[in-house]
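Work out the full structure: start from the sequences and follow the hints.
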Amino acid sequence: MKLIKVLIVVLAFGLAQSCSDILDRTPQGEYTLDNFFQNEEQAIQAINAIYAQLRNWEVHVFSYIGMTDIISDDSDKGSFPADAFFLQELDDFTYTATNVAPSSVWSGYYDGIFRANLAIANLPEVPELDEQLQERLIGEAKFLRAYFYFSLVRWFGDVPLITEPFPDEFSLPRTPAEQVYQQVITDLMDAAAVLPEKSEYPAIDLGRATKGAANGILAKVYLTRGEFDLALNAANTVINSQEYDLFPNYNNLFREQGENSEESIFEVQTAAFETGGGGSQYNEVQGVRGEPNLGWGFNRPSDDLISAYELGDPRREATILYVGEVLPDGSDIVQDNPNIVGERFNQKAWVPEHPGGNGNGPGNIRILRFADILLVAAEAANETGDPGATLENLNRVRARARGNSSVLPDVTTTNQSDLRLAIWRERRVELALEQQRWFDLVRQGRAAEVMQALGKDFVEAKHELFPIPQGEIDLSQGALSQNPGY
Amino acid sequence: MKPLLFFVLFCTSAGVIFAQTTVRGTVTSAGEPLIGVSVQATGTTTGAVTDVDGSYQISLPSGIDSLSFSYVGFQPHTVFVGNRTIVDVVLEEATEILTQVVVVGYGVQQKNDLTGAVAVVEAKDLGDIPTQNLGQALQGKVAGLQIIPTSGAPGAGAVFRIRGIGTLNDADPLFVVDGMIVNDINFINPRDVESVSVLKDASSTAIYGARGANGVIIVTTKQGSARDGGINVSAYTGSQEVVNTIDLVNATQYATLINEADLNEGRTPRYPNPDSFGVGTNWQDEVFNTAPIVNLAVGFSGGNERSTFNLTADYFRQEGIISGSEFDRFTTRINTTQKIKNWLTIGGNVSLIYNTSDNVNAGGILLGAYRSDPLTPAIEEDGSFGNTAINGNTGNPVATIFYANNESQSYRAVGNVFGEVKFLRHFTFRTNFGLDFVYSRNRNFTPVFEVSAIQRNEESRINAFNSYRRNWLWENTVAYQQTIGQHAFDAIVGLTYQDNFGEFLSGSRENLIGEDPSFLYLNSGEPLTSLASGGIFGGDWGLESYLGRINYTFDNRYLLTLSGRIDGSSRFGESNRYGFFPSVGLGWNLSNEDFWNPDGIISRLKLRGSWGQTGNDRIGNYSYTALVTSGLGAVFGPNEDLLQGSTLTQLANPNIRWEETSQVDLGVELGLFQNKLLLEVDAYRRVTDGVLFAAAIPDYLGASAPTRNISEVLNEGIDLKIEWRETTAGGFTYRIGGNASFIDNEVLKVDDLDSDLFAGGLGVGGQLGTNSRAGFPIGAFFGYELDGVFQNADELERFAQLGTQQIGDLRFRDQNGDGVITADGDRVVLGAAIPDLIVGFNGYFAYGGFDFSFDLIGQFGNEVINAKKMARFGAYNFETSFLDRWTGEGTSNTEPRVTFAGPNLENLSTRFVEDGSYIRLRNIQLGYTLPASLTSRLKLRELRVYVSGTNLWTDQEYSGYNPEIFNGSVFDNGIDRGTIYPIAKTVNVGIDLKF
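Protein chains in written order, with my numbering: chain W, 2 to 487; chain D, 5 to 999.
Source of the hints: derived by calculation from the structure; they are not laboratory data.
It is possible that some hints are incorrect.
[What the hints assert, rightly or not] Heads up, simulated SDA-like pairs for lysine to any residue below, C-alpha to C-alpha not over 25 Å straight-line:
(1) Lys-6/W / Leu-348/D
(2) Lys-753/D / Gly-479/W
(3) Lys-6/W / Ser-311/D
(4) Lys-3/W / Gln-485/D
(5) Lys-753/D / Glu-170/W
(6) Lys-3/W / Phe-493/D
(7) Lys-3/W / Lys-115/D
(8) Lys-115/D / Val-672/D
(9) Lys-426/D / Gln-18/W
(10) Lys-6/W / Lys-115/D
(11) Lys-753/D / Ala-319/W
(12) Lys-6/W / Thr-432/D
(13) Lys-6/W / Phe-493/D
(14) Lys-3/W / Ser-311/D
As the structure is a computational prediction, the values presented were derived from the model and not from experiment.
Set out below in structure tokens:
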């Protein structure tokens with residue numbers, strides 16, 4: 002009997018051991034890093050998630066517009082005086098290291114970099130992934146990583162250069178801008194080497210990074226660095242690829258029919274669905290505030306921008322939406338809102354409707370178009386002493402803007418400094434309110450001159466760069482240093 | 005019906021041959037006859053037992069002149085007989101400490117042998133508070149246990165906080181019912197409860213290891229017994245109404261205030277003649293009603309030496325004080341044991357519960373009643389609902405009630421079966437398997453209706469939600485018990501496994517083909533409008549545990565308890581998969597020392613102390629691994645297709661582990677005046693470190709911060725319990741008791757950077773009302789201190805302003821003296837929801853069949869944010885406090901001028917922080933038990949009728965319904981957003997019958 006009882010006990014405990022796998026769980030309904038990156042579908046999804054970040058609020062919407070257009074001479078904050086005061090601080094150069102805008106783009110762009118780093122690190126390990134596809138996907142990730150870093154380095158100068166998803170240390174110092182630029186150039190060259198041309202992609206992949214986009218951004222990188230030979234070379238690669246041309250109608254370029262046109266080199270793809278999702282708030286924040294109520298009314302075109310256009314330049318009307326003006330689709334007239342002084346809006350960001358909610362804008366965000374590249378080529382050619390190529394590229398842009406009218410005559414001077422100014426002005430009006438102006442002013446070394454002339458409190462050797470977000474300095478446990486003057 | 009289950013036994017002895025005296029009498033306690041009392045001629049084997057009337061008859065051998073009475077649970081009593089032939093005796097209930105058996109984790113212990121801080125509430129102390137919820141019945145009963153009713157909705161539960169809040173996450177204690185570890189005890193019918201043990205210190209909770217850090221509540225349900233088997237029938241019915249209403253202005257006052265606000269904001273006053281509106285609509289009267297409550301219960305129990313059973317069935321129905329809400333519950337339970345062999349016992353405790361409820365959107369209704377203007381009638385003369393959107397920009401709450409069609413059901417089976425094998429004389433092996441299975445469903449139907457522009461629905465819609473959760477537990481333990489001379493050993497080791505899993509499935513459709521109840525299924529809706537989702541529900545985790553405990557007692561004087569548990573949890577990272585949680589407890593029964601005079605004033609004295617470590621494993625199911633976020637789609641192609649995108653967006657913490665609490669407890673147990681007065685004091689200090697928190701990391705890392713074991717929380721306090729109990733010679737029994745809990749809660753560390761930890765949205769511009777940074781209590785209210793009202797232009801010039809302020813606006817204190825009021829520099833701690841002191845005070849008095857009892861509860865030193873008063877998005881109605889507004893220099897220095905918005909309303913300041921202290925008469929009851937002589941003629945064992953009242957009287961400062969405000973997160977409590985279903989006061993009449 003004793004034996005039986007002891008046996009029962011031993012048996013029960015023995016049996017209980019069969020439960021010992023109870024601690025091994027797999028998260029249900031969710032992938033983990035352990036079982037992700039296991040097939041082609043997941044590899045593509047990981048890349049798509051980087052593109053998804055391009056529609057993000059922090060990356061291409063509110064603070065982004067503030068730190069490219071509103072801060073520049075092209076536009077004022079807009080909306081009600083007290084609305085989003087941190088953007089007014091940008092306009093007034095009173096911002097400090099705790100301003101929301103720099104920390105917002107900082108966070109958004111680094112989130113994109115993390116996703117790119119994760120994909121670049123993991124794609125080579127995806128089993129049975131077609132080698133060509135793998136190359137292309139990594140190329141896309143590198144292109145996007147370069148794009149993110151290129152913006153960061155222009156805004157902040159030295160930034161932590163992180164190329165691994167999981168750095169060993171959380172406290173990281175800033176990397177010299179030169180090194181960041183080298184990484185950007187390497188990534189873009191890698192991308193250009195493997196990415197297909199726009200025409201080589203299947204139709205369903207329209208919107209993905211192309212060889213042309215990589216070379217185009219590369220041209221701008223070189224231009225920014227004053228490496229005009231290289232810039233010209235890269236721009237010419239794009240021009241000579243026969244992949245791109247100017248869209249005939251400047252006004253329609255920013256309407257739905259102008260999306261992914263022959264002029265488009267890279268644009269953020271958006272589509273607003275009735276059920277929500279797919280869009281961005283890019284259109285809403287710049288939309289008409291008041292009647293018809295389409296948005297928040299930020300990024301108000303400045304008086305200075307209006308006066309920058311040559312007489313009769315049709316691009317002015319295509320860029321600025323005034324009170325009393327008929328909407329581009331003819332559906333309504335912009336009404337005066339008594340609470341906003343001097344209402345005007347960025348017409349390029351205008352879209353007729355926001356399916357699935359006002360925050361769901363369907364307008365593609367134009368990042369790089371052929372006219373930009375022609376002007377890069379013009380500027381680089383001028384700086385390298387080739388007035389012929391300069392004029393050819395410059396006048397090609399003016400000709401399209403002119404259309405059938407008799408305004409905007411061809412530029413004929415071959416004087417290098419006159420040409421320089423002509424190109425700079427052409428860039429300004431051609432690309433107005435397309436978030437290029439601030440980077441151009443700083444790159445051209447005349448931000449202080451231009452902004453001070455407008456009575457802004459721009460401090461030279463300070464405001465060319467934004468402050469490193471104070472929260473980041475704190476969280477880095479002091480590893481990050483601040484930019485001068487902040 | 006044969007009530008005479010007991011019969012008189014006469015025992016004679018050899019003493020028969022001597023001359024004898026026959027003595028008879030009755031034995032009672034608290035006016036009730038005691039059945040089965042053993043009566044013995046002192047020092048002999050001659051004895052008798054009392055019968056159903058408590059009478060006995062015994063032949064007293066000559067030379068013996070006294071009788072000894074003994075009865076389980078009562079103090080033994082010896083009486084000198086002398087020449088008397090009738091000796092009536094009143095027995096006193098044993099002062100529990102001497103005999104009380106306390107249920108502890110994985111066993112029972114004599115109260116005297118305990119080294120830990122364990123509070124016990126027995127069935128009789130739970131009283132007859134008419135509630136379906138055990139938690140609510142426990143309020144005010146235990147020092148160190150705070151009970152917060154989650155709401156006053158029918159069927160609502162309660163939240164338990166043992167010794168403060170020891171985490172920034174889930175602070176619920178662990179619940180154990182008859183050995184089964186469950187997620188909550190809301191399913192338990194309070195009538196089924198034999199005792200509730202509240203394990204507070206580490207010596208008692210360490211045996212629950214990684215789940216013991218926030219304390220343990222052990223519920224033991226009633227077993228059948230041979231002694232008082234029979235049939236019990238109980239019923240009560242009552243009526244409930246809202247405890248108090250909020251003082252809101254009437255129509256004339258409303259129009260006056262709106263006119264003033266118009267003027268103050270530069271507009272023309274909108275109501276030319278406010279007086280013409282009279283009193284107007286009292287919206288609270290429109291939504292609250294008097295609601296019935298009914299309970300009917302029947303129980304059967306019995307047994308013999310080899311088997312016991314207890315079977316109960318209980319029906320409870322409660323309508324809500326907000327019209328349209330109702331809760332019905334049917335509970336059955338069967339507890340049974342069977343001694344198959346002398347060495348083998350098996351048994352089980354199984355409960356089946358079905359409940360159903362009609363739900364209303366209490367938050368919307370309450371806010372509607374609070375905000376709707378009194379000018380608009382609830383229902384217009386033409387029968388349509390009043391349009392409260394025009395003036396107040398809010399929904400008509402009466403319409404909200406009318407269009408509500410939301411019902412839920414839950415089916416639950418909870419229970420365990422066990423077998424016990426005694427072997428090798430001192431050992432007992434026990435295997436126990438428990439299961440908790442819940443299936444719940446909810447259906448919400450919204451018809452097409454239009455009350456106003458903001459209260460309408462264009463397409464009929466049905467939402468369905470179904471879920472199940474199951475949780476099984478298998479425990480195998482071996483217990484050892486042996487006394488060798490003065491050394492008593494009691495030990496247990498065990499191996500347990502537990503597994504929890506659940507799933508939900510939900511869907512919705514629009515445009516139903518019909519609106520009758522028979523059409524309220526998803527299939528009646530348009531397929532194209534179909535939405536569905538499903539996934540894990542209620543957790544996915546497994547636990548593997550090894551536990552052990554040794555109790556050693558030397559000569560009933562020196563006590564030692566060593567206990568510990570190793571818990572392996574699927575929730576912990578691989579590198580920290582197993583945690584060890586040890587504890588040690590020491591006790592010294594001073595009053596058992598030879599030198600102690602037990603007849604002195606101090607009849608009992610015990611000192612005890614404990615230290616131990618316990619854990620909190622509620623850290624999320626998969627926090628250790630890097631989860632891939634889906635839904636990050638990107639658009640490509642000429643057709644603009646949204647393609648799937650997925651990647652990591654949060655860093656994982658593979659080292660994640662339990663939160664660890666170290667607790668020191670020192671206790672004194674004192675008995676005075678033959679233990680009539682009992683005192684128990686515990687002082688504790690519990691520090692939780694490794695509290696999980698997603699401490700911020702630099703954004704350049706590109707992903708959200710992982711949760712890390714980084715924060716620290718301290719709770720210190722004193723638990724005090726005092727009780728006086730006595731039965732006088734005249735048969736008057738009474739108990740008076742009280743308990744007090746002093747709590748000091750403090751965040752010691754949030755992260756390495758001493759960050760602010762803002763939370764607690766106030767519903768105004770994203771403003772957060774609490775800050776839990778180091779040095780503050782958890783969820784401390786954080787805002788501006790009021791310094792007065794700007795009385796004139798000079799003051800406006802002289803004092804700091806928040807933005808641009810005007811005369812008549814609130815003046816906030818410039819804490820840092822920089823001449824301007826800023827969020828960064830001038831906000832301070834304005835209070836907290838955690839009380840400094842919680843008290844309970846109760847009494848029980850019985851004499852001659854009557855019994856009377858009361859329970860008072862109270863809490864002090866906590867505050868409430870009256871957030872509903874801050875959020876004004878329309879011309880809402882006003883609390884009467886607005887009538888004391890500033891209207892010119894010198895009129896008020898506390899209430900500002902009336903405005904629709906601005907810093908007076910939209911910034912958290914002392915203006916909205918109110919004292920949350922209260923004292924409440926939780927329960928008062930008067931009962932009468934018919935005399936045994938009468939009941940026995942009715943063939944009954946007992947018949948008692950009673951009348952009781954719950955929450956009849958409250959003294960509170962707070963202007964809202966109830967200052968006990970639980971919103972879920974520990975950062976969010978005490979914020980009254982005006983959405984919590986108020987508690988009710990209830991009057992009941994009831995009857996208890998025993999056959």
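Quick one, are Lys-3/W and Ser-311/D close enough, alpha carbons at most 25 Å? holds, 24 Å
Verify the proposed pairing of Lys-753/D with Gly-479/W, using a straight-line Cα cut of 25 Å. The hint holds at about 20 Å.
Under the criterion that the straight-line Cα-Cα distance not exceed 25 Å, is the pair Lys-3/W, Phe-493/D satisfied? Holds, at roughly 22 Å.
Is the hinted pair Lys-753/D and Ala-319/W satisfied, with a Cα-Cα distance of at most 25 Å? Since the Cα atoms of Lys-753/D and Ala-319/W sit roughly 57 Å apart, the hinted pair is violated (cutoff 25 Å).
Would you mind confirming whether the straight-line C-alpha gap from Lys-6/W to Phe-493/D stays at or under 25 Å? holds, 22 Å
So if I understand the rule, the pair passes when the alpha-carbon distance is 25 Å or less; does Lys-3/W with Gln-485/D pass? Since the Cα atoms of Lys-3/W and Gln-485/D sit roughly 18 Å apart, the hinted pair holds (cutoff 25 Å).
For the pair supplied as a hint, Lys-426/D and Gln-18/W, confirm whether the alpha-carbon distance does not exceed 25 Å. holds, 22 Å
For Lys-6/W and Leu-348/D, compute the direct alpha-carbon distance and say whether it is at most 25 Å. At roughly 9 Å apart (the allowed maximum being 25 Å), Leu-348/D and Lys-6/W satisfy the hint.
Pair hint Lys-6/W and Thr-432/D, alpha-carbon separation not exceeding 25 Å: holds, 10 Å
Hint check: Lys-115/D vs Val-672/D, CA-CA at most 25 Å. Holds or violated? Holds - the C-alpha atoms of Val-672/D and Lys-115/D are around 13 Å apart, at most 25 Å.
Measure nothing beyond the straight line between the CA atoms of Lys-3/W and Lys-115/D; if it is 25 Å or shorter, mark the hint as holding. Measuring from Cα to Cα gives roughly 33 Å; hence the hint is violated.
Restraint status (C-alpha distance of Lys-753/D to Glu-170/W at most 25 Å): The hint holds at about 22 Å.
Violated hints for the displayed structure, listed by number in ascending order: 7, 10, 11.
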